[in-house]
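Protein chains: 2
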Amino acid sequence: MTTTIIGTGLIGCSLANRLKETGMAERIIGVDNNRHNLEDALRLGWADEAMDLQPALEAAQLVILAVPVDVAVGLLPTILDNISTQVVMDVGSTKQKIVETVKAHPNRKRFVATHPMWGTEKSGPTAVVRDAFKGQVAVICDAVGSAPTALAQVEALYDVIGMKRVYMNPANHDIHAAYVSHISHIASFALSLTVLEKEKEEDAIFELASGGFESTVRLAKSDPAMWVPIFMQNRDNVLDVLNEHIAQLRKFKSCLEKENYEYLNELIVNANKIKRILK
Amino acid sequence: MTTTIIGTGLIGCSLANRLKETGMAERIIGVDNNRHNLEDALRLGWADEAMDLQPALEAAQLVILAVPVDVAVGLLPTILDNISTQVVMDVGSTKQKIVETVKAHPNRKRFVATHPMWGTEKSGPTAVVRDAFKGQVAVICDAVGSAPTALAQVEALYDVIGMKRVYMNPANHDIHAAYVSHISHIASFALSLTVLEKEKEEDAIFELASGGFESTVRLAKSDPAMWVPIFMQNRDNVLDVLNEHIAQLRKFKSCLEKENYEYLNELIVNANKIKRILK
Numbered sequence: 001m002t003t004t005i006i007g008t009g010l011i012g013c014s015l016a017n018r019l020k021e022t023g024m025a026e027r028i029i030g031v032d033n034n035r036h037n038l039e040d041a042l043r044l045g046w047a048d049e050a051m052d053l054q055p056a057l058e059a060a061q062l063v064i065l066a067v068p069v070d071v072a073v074g075l076l077p078t079i080l081d082n083i084s085t086q087v088v089m090d091v092g093s094t095k096q097k098i099v100e101t102v103k104a105h106p107n108r109k110r111f112v113a114t115h116p117m118w119g120t121e122k123s124g125p126t127a128v129v130r131d132a133f134k135g136q137v138a139v140i141c142d143a144v145g146s147a148p149t150a151l152a153q154v155e156a157l158y159d160v161i162g163m164k165r166v167y168m169n170p171a172n173h174d175i176h177a178a179y180v181s182h183i184s185h186i187a188s189f190a191l192s193l194t195v196l197e198k199e200k201e202e203d204a205i206f207e208l209a210s211g212g213f214e215s216t217v218r219l220a221k222s223d224p225a226m227w228v229p230i231f232m233q234n235r236d237n238v239l240d241v242l243n244e245h246i247a248q249l250r251k252f253k254s255c256l257e258k259e260n261y262e263y264l265n266e267l268i269v270n271a272n273k274i275k276r277i278l279k
Numbered sequence: 001m002t003t004t005i006i007g008t009g010l011i012g013c014s015l016a017n018r019l020k021e022t023g024m025a026e027r028i029i030g031v032d033n034n035r036h037n038l039e040d041a042l043r044l045g046w047a048d049e050a051m052d053l054q055p056a057l058e059a060a061q062l063v064i065l066a067v068p069v070d071v072a073v074g075l076l077p078t079i080l081d082n083i084s085t086q087v088v089m090d091v092g093s094t095k096q097k098i099v100e101t102v103k104a105h106p107n108r109k110r111f112v113a114t115h116p117m118w119g120t121e122k123s124g125p126t127a128v129v130r131d132a133f134k135g136q137v138a139v140i141c142d143a144v145g146s147a148p149t150a151l152a153q154v155e156a157l158y159d160v161i162g163m164k165r166v167y168m169n170p171a172n173h174d175i176h177a178a179y180v181s182h183i184s185h186i187a188s189f190a191l192s193l194t195v196l197e198k199e200k201e202e203d204a205i206f207e208l209a210s211g212g213f214e215s216t217v218r219l220a221k222s223d224p225a226m227w228v229p230i231f232m233q234n235r236d237n238v239l240d241v242l243n244e245h246i247a248q249l250r251k252f253k254s255c256l257e258k259e260n261y262e263y264l265n266e267l268i269v270n271a272n273k274i275k276r277i278l279k
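If you read the protein sequences in the order shown, they are chains A and B. Heads up, the first sequence stops at 279 in my numbering, and the numbers go up one at a time, no gaps. Heads up, the second sequence stops at 279 in my numbering, and the numbers go up one at a time, no gaps.
Derived from the structure by calculation, the hints contain no laboratory data. One or more of the hints may lead you astray.
A pair holds if it fits inside one copy or across any two, identical chains being indistinguishable in the list.
To be verified - Keeping only pairs whose Cα atoms sit at most 30 angstroms apart, straight-line, the calculated DSSO-like set for lysine-lysine is: (1) K251 <-> K134; (2) K97 <-> K251; (3) K164 <-> K253; (4) K221 <-> K134.
Since the model is a prediction, treat every value here as computed from it, not as a measurement.
One chain only, chain A, in its complex shape (with noise of 0.2 angstroms):
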């Protein structure tokens, strides 16, 4: 099968790795209008050959697309108008929108709308992670508006990569993807931004910083070109959580101030209980 990847970042080739070791593709089209990362891509072996849009469409079986919420919500239509038999999968991490925006499209049952759930706070081809994917959940949103064998190929290609399916309406991935993972970069942001303006010896945070430190900050490390369009596109959910996060820091606060440590246990007890959820 030959497979068009637009968006030749971490998601797009690590990915790209993956067909390729699991026998899935046969030959990967690279298209990126950043020719930094397609040369990268070329260069070690993500993709095989460079195209435009236009014939690399036309090449294609399967068109996945990974690249940032805003461009894919851009791209899309053009991309349905622009294709016949082949299937179209985008790999972003909000799902609403996309939804929408291709609902009345003539060609939308060529189209899956999905998440696959792995990242890292890194970018770019440099960054593929070798076993990316294994073990985590792929998200298939709207299923009912895809083709059968359309949906049918996008899950075979999930299940050879690993991933455990998982279906929902875009409206509850949105929701739930605030809960687990967008608040979790804000945080890791603000925390970055905490650290930097308070701790004026640079050198300090770099000699102390122990391992729960680099874990809670790490995510802070990660891309505002891919994460603005997601905070802008999931604005409402995201600022539902970030509003209950901030009443939850304030509660720690407040224990301190008035020396409420009985308090202040329970709280850490009831966090605790992630423990129930998260192994």
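Once you've looked at the hints, dock chain B against the given chain A.
Same frame as chain A, now just chain B:
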């Protein structure tokens, strides 16, 4: 060297393991009011024998105090009352209170105040990590208060287990620890409460939680018996950093409310600067 470890939890037992491995200690005596932990420590071979406090102090050349910081402050004067030539070190996450507590003690010079900056969210002897401490920083506080021979012994210990030594006064330690460790824990506890509060479908958290969420919420599994006393002893510094953190989160909230995505982008670009410090 016979070493007595008071507190056979994660830190005490991980240290015991490294001291045995490196030949720094031939015999480890475990002391703990928690019979369950003490039995696990013996069963798993982290301690060679269990004793009560008094005989354990008498039998040792080196005494390591690895208990929650409130217990440490209560216990250290008694320990110093009952030693002669032994060296005593603590490994607590706050340093001002403990150094103050024994400032005027006649045996102050036998004590070395330290904080090896390593840990995990887990607790107890069963959570021991084999390569613990390696490559991380050990902070030594108020070194001038310790006898040169006592200090040299503790320095040798940290060298042998592969830690980098950093010297700091206790007040500065506690400020830096609030920035690079304590605030991360509060952020993570609050994030866990946020998600548990908002996401009533626990199955969805479990299924959808990706690596990003797991890394930011990992510390929320940490033991309140350890952390409440840390926040209590470092209250002023933690409050100061927590206020800053809430202020930073409010900036993200305001950007979303006002749909000011340029400023949101700028915040993330600034947060990315943590890359300069943490690779």
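Evaluate K221 and K134 at a C-alpha cut-off of 30 angstroms and name the case that applies: within, between, both or neither. Classified as both: same-chain Cα gap 23 angstroms, cross-chain 25 angstroms, threshold 30 angstroms.
Evaluate K97 and K251 at a C-alpha cut-off of 30 angstroms and name the case that applies: within, between, both or neither. between (35 angstroms within a copy, 25 angstroms between copies)
How do K164 and K253 come out at 30 angstroms by Cα distance, when the copy is not named: within, between, both, or neither? For K164 and K253, the Cα distance exceeds 30 angstroms both inside one copy (40 angstroms) and across copies (33 angstroms).
With identical chains, the pair K251 and K134 could be close in the same copy or across copies; at 30 angstroms between alpha carbons, which is it: within, between, both, or neither? So K251 and K134 fail the 30 angstroms test inside a copy (38 angstroms) and across (36 angstroms) alike.
The structure fails hints 1, 3 (numbered hints given earlier, in ascending order).
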